[in-house]
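Trainee: Sequence:
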Amino acid sequence: MKPTYDPAAVEADWYDIWEKSGVFAPEHNPDGDPFCIVLPPPNVTGVLHMGHALNHLIHDVIIRRKRMQGFRVLWLPGTDHAGIATQTVVERELAREGLTRHDLGREAFVEQVWQWKAKSHATVTRQMRQLGDSVDWTRERFTMDEGLSAAVREVFVRLYEKDIIYRGNRIINWCPQDHTALSDIEVEYEETAGELVFINYPFTDGSGHITVATTRAETMLGDTGVAVHPDDERYTHAVGKTVVLPLMDREIPVVADDAVDPEFGTGAVKVTPAHDPNDFEIGSRHGLESVNIFTVEAEVNENGGQFAGLDRLDARRVVKQALAEGDFLDHVEERTHSVGHCYRCNTIVEPYLSLQWFVNVRPLVGPAIDAVRDGRTRFVPQRWENSYFHWMENLRDWCISRQIWWGHRIPAWYCGDCDQVIVAIEDPVACPNCAGSDLRQDEDVLDTWFSSALWPFSTLGWPEETPDLTTFYPNTVLVTGFDIIYFWVARMMKMGLEFMDQVPFSDVVIHGLVRTPDGRKMSKSLGNAIDPLDVIESHGADPLRLAIVQAAAPGQDVPFDMEWVEGARKFGNKLWNAARFVLGHVEPGSVPADGGYPEDPGPEAAWVLSRLHATIERFNLLADEYRFSDAYGLLYNFAWSEVFDWYLELSKASMADAGSGAATRQTLGVVMRDLLKLFHPAIPYVTEELWKELVDDGLLAGAAWPDPRPVAAPRSMEVFQELVGGIRRFRSSHQLSPKRGLTMHIADPESVAEPWWWAQLASLVAVAPELGALESTQGFTRVVAGPVQGFLPLDGVADLDAERNRLERALSAAEEDYALADRKLSNPSFRDRAPAEIVAKEEQKRIEAEATMSKLRSQLAEL
RNA sequence: GGGCGCUUAGCUCAGCGGGAGAGCGCUGCCUUCACACGGCAGAGGCCACUGGUUCGAUCCCAGUAGCGCCCACCA
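Numbering follows our numbering, with no gaps: position 221 of the first sequence is 334.
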């Protein structure tokens with residue numbers, strides 16, 4: 114073995130070996146309880162970023178541990194066709210050749226996207242392999258593969274037949290860049306500086322005017338009414354009158370409607386039913402006409418008269434100017450308001466009246482709310498449940514049609530002869546109403562999230578009753594970022610309950626975003642993104658994984674810094690060298706894959722085994738709560754501070770002893786082996802490599818999670834460690850070489866010390882102990898460890914001030930302990946009301962502190 | 001406007017009723033036979049602020065301030 118850990122060399126071959134071995138498939142543990150996670154399918158639009166790495170690593174840590182615990186584990190991978198995003202990428206490529214998708218035509222364009230998808234898919238899946246994702250590739254799915262497309266159709270048709278899916282003319286969010294409708298949550302709002310424009314609309318009867326206020330002056334071209342609140346006395350006289358729409362010379366009525374807020378602006382609002390959801394509502398209540406004034410590019414259309422052809426923002430300026438010239442402009446106020454942008458291309462969306470397909474979500478939300486309320490599905494951390502409830506309770510209908518070509522085409526046909534709408538699983542050949550054959554399929558495709566919503570069961574074979582579906586639905590866990598709770602989690606809950614009658618998963622584990630060291634969002638557009646693949650190349654997958662896992666607390670954002678990857682690699686090196694040490698003392702390949710704990714461990718081995726047991730217990734608790742950063746923090750400290758810093762050092766003397774040598778070597782082997790197992794979910798490559806050296810029996814990826822018996826630790830260990838620390842402090846205070854041997858007289862009135870101390874003191878701190886009282890303490894100094902005092906000769910200690918300093922520091926520490934305990938014990942209410950064991954503990958502390966103080970004080974006096 | 005969260009060592013964070021913790025960084029000593037990607041020792045904190053509950057509060061409650069996020073038909 115090389116003396117230095119080299120991630121690249123270690124990571125080269127293992128993934129292939131794992132994948133070919135079948136260890137990633139549920140069949141690896143055919144008799145275990147099912148445990149299933151479906152991967153949130155990454156978009157096939159390109160590369161995995163640090164957010165994916167975080168998400169996948171949490172998955173992999175959960176999955177690898179559960180697999181080792183004997184569950185019949187399925188981690189199902191797949192990718193999402195990502196409608197708008199993917200189509201946009203391919204259109205951009207075409208644009209470079211000066212082409213649009215219309216030049217190719219629908220069929221050829223979609224074919225081109227498929228080709229692009231194949232390329233991109235290969236990239237994404239290769240990256241997942243580099244990360245080490247232990248997914249079952251034999252069950253990989255794609256949202257547009259045959260089976261999932263069948264599921265989509267099935268769902269669409271069934272919901273249509275239940276009148277949950279319907280087609281209607283409504284205000285939707287239109288992206289003028291992508292030329293498609295968006296759902297409400299695909300719009301991101303941003304506070305923007307703007308202005309509130311006050312416009313005078315003259316009454317047709319010549320009795321003055323009414324003033325309305327708007328942030329979007331250009332939409333006045335589409336006004337078909339003015340509304341006021343029915344109780345607003347300022348305008349009672351105006352209701353029922355008509356006004357002339359300036360610039361358009363259209364006569365429009367003044368109506369009274371509850372939706373108007375009298376406090377806002379002038380209390381009179383212009384009504385543009387075709388370009389504002391509220392206005393649309395008001396308009397339909399009062400029978401106002403809807404005049405669409407924009408093209409799909411958000412330029413003014415022929416309904417805008419002289420302004421036709423202007424972009425909406427130019428129109429705003431020009432209309433305002435025309436209003437001013439016509440003396441209709443009352444005044445203008447500055448005002449910030451929030452403006453919606455397309456979540457894909459960041460273009461300002463346009464509220465736009467159009468004919469679209471919708472899901473009426475109301476019948477679906479009740480069961481989805483109940484399932485979380487009664488705990489069939491729980492969120493981790495739980496506080497996300499509040500957001501979920503609030504969201505679900507205020508849901509509006511979901512616009513599911515998109516005017517793009519890449520996606521699941523809506524299975525609706527329109528009969529050219531009788532206008533019949535046909536919604537069917539199989540493509541119809543003739544109209545069931547008039548038998549006509551002039552059938553035209555709806556041009557639109559479904560929202561990408563429609564197929565995503567079915568992912569927990571469509572991937573398992575639904576609507577077929579496959580064995581996988583029976584075994585793995587409901588899924589066990591869902592791991593995802595909070596940013597797609599609404600996009601995805603809520604919809605899976607609704608669809609899962611509707612079609613499977615059971616929740617899609619029991620636990621929803623929410624993680625945060627990956628941030629830069631200075632706490633900013635990591636994003637490609639900000640140019641501060643770190644590519645996980647670059648990190649893997651330069652530092653290795655294991656170091657990247659450990660760095661992320663250590664920082665990933667549930668629901669917390671993850672600050673990412675290359676320093677932490679460095680730190681993780683250093684840990685790998687430490688582990689590597691610890692294993693090298695162990696391999697210097699146990700026969701390579703001789704450590705059993707399971708068990709093998711010594712029957713009769715010596716005290717040092719008993720100590721490390723007891724710590725191992727306690728660490729595993731605690732680790733399991735933390736990991737079961739998805740607290741992997743805490744779990745691996747605990748393990749990291751156990752491995753480094755206790756096993757490497759203490760036990761490996763202790764083992765050197767133990768192995769030299771004829772009596773305890775064999776048990777020590779055995780202990781070194783099994784402790785190291787269990788560390789490999791415990792670390793494996795986080796750093797699979799290096800642990801697998803070391804497993805081969807140490808155990809060489811099957812794959813660590815398929816080995817069993819450790820479960821050692823509890824062992825009692827020797828009680829003297831704590832005092833021993835304190836004594837060693839005291840001796841080291843003494844040496845450090847006087848800059849005495851660690852090699853220089855010291856003789857130490859030990860006073861042990863309570864007989865705490867055990868025989869194993871002597872060899873260890875010699876080995877760890879080059880101290881030769883002599884038991885028994887000193888005739889005179891003159892010329893000696895003390896190291897105090899609980900009841901034990903060690904007397905060290907002062908010859909060779911030139912600097913008595915340094916020694917005084919060492920003793921005074923120890924003394925003041927003891928004095929603080931004493932004062933703290935004494936203050937509590939002097940309080941009668943404390944003795945009265947605190948639990949007896951707490952009082953006893955404080956008394957014990959005071960006694961011990963007092964004893965230590967007196968020993969140190971007499972030493973200081975003698976100096 | 002409504003809701004959620006955060007404020008602990010220089011940095012990133014854990015702890016959440018009974019003696020302030022980790023990693024990184026920093027200081028000193030040590031190239032000791034697994035490891036200098038290391039070892040040993042050490043410095044560093046009115047646990048945001050103000051009240052309250054309690055024998056006891058970093059931890060529970062109320063309020064204040066600052067920061068962050070989400071939601072809302074701010075015409």
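Simulated from the structure, these hints should not be mistaken for laboratory data. Positions of the beta carbon are idealized from the N, C-alpha and C atoms, including for glycine. Wrong hints could be hidden among the right ones.
Within a straight-line C-alpha distance of at most 25 angstroms, the following computed DSS-like cross-link-like pairs (lysine-lysine) qualify [said to hold, decoys possible]: (1) Lys115 to Lys805; (2) Lys232 to Lys637; (3) Lys637 to Lys230; (4) Lys765 to Lys683; (5) Lys683 to Lys115; (6) Lys637 to Lys687; (7) Lys765 to Lys637; (8) Lys687 to Lys852; (9) Lys937 to Lys968.
Label pairs and their in silico Cβ distance ranges [unchecked claim]: (10) Asp820 to Tyr302: 48 to 54 angstroms; (11) Gly159 to Asn546: 26 to 32 angstroms; (12) Ala372 to Val409: 24 to 30 angstroms; (13) Ser451 to Asp820: 41 to 47 angstroms; (14) Lys354 to Gly159: 57 to 63 angstroms.
Trainee: Now tell me, hint by hint, if it's right for this structure.
Mentor: Verification of the hints:
1. Lys115 to Lys805: holds, 15 angstroms
2. Lys232 to Lys637: Roughly 21 angstroms separates the two Cα atoms, so the pair holds.
3. Lys637 to Lys230: holds, 21 angstroms
4. Lys765 to Lys683: Holds, at about 23 angstroms.
5. Lys683 to Lys115: holds, 15 angstroms
6. Lys637 to Lys687: violated, 34 angstroms
7. Lys765 to Lys637: Distance ~52 angstroms between lysine 765 and lysine 637 Cα, so the pair is violated.
8. Lys687 to Lys852: holds, 24 angstroms
9. Lys937 to Lys968: Within the cut-off at roughly 24 angstroms; holds.
10. Asp820 to Tyr302: 48 to 54 angstroms: holds, 52 angstroms
11. Gly159 to Asn546: 26 to 32 angstroms: At 46 angstroms between Cβs, range violated.
12. Ala372 to Val409: 24 to 30 angstroms: holds, 28 angstroms
13. Ser451 to Asp820: 41 to 47 angstroms: Since serine 451 and aspartate 820 have Cβ atoms about 55 angstroms apart, the given range 41 to 47 angstroms is violated.
14. Lys354 to Gly159: 57 to 63 angstroms: holds, 58 angstroms
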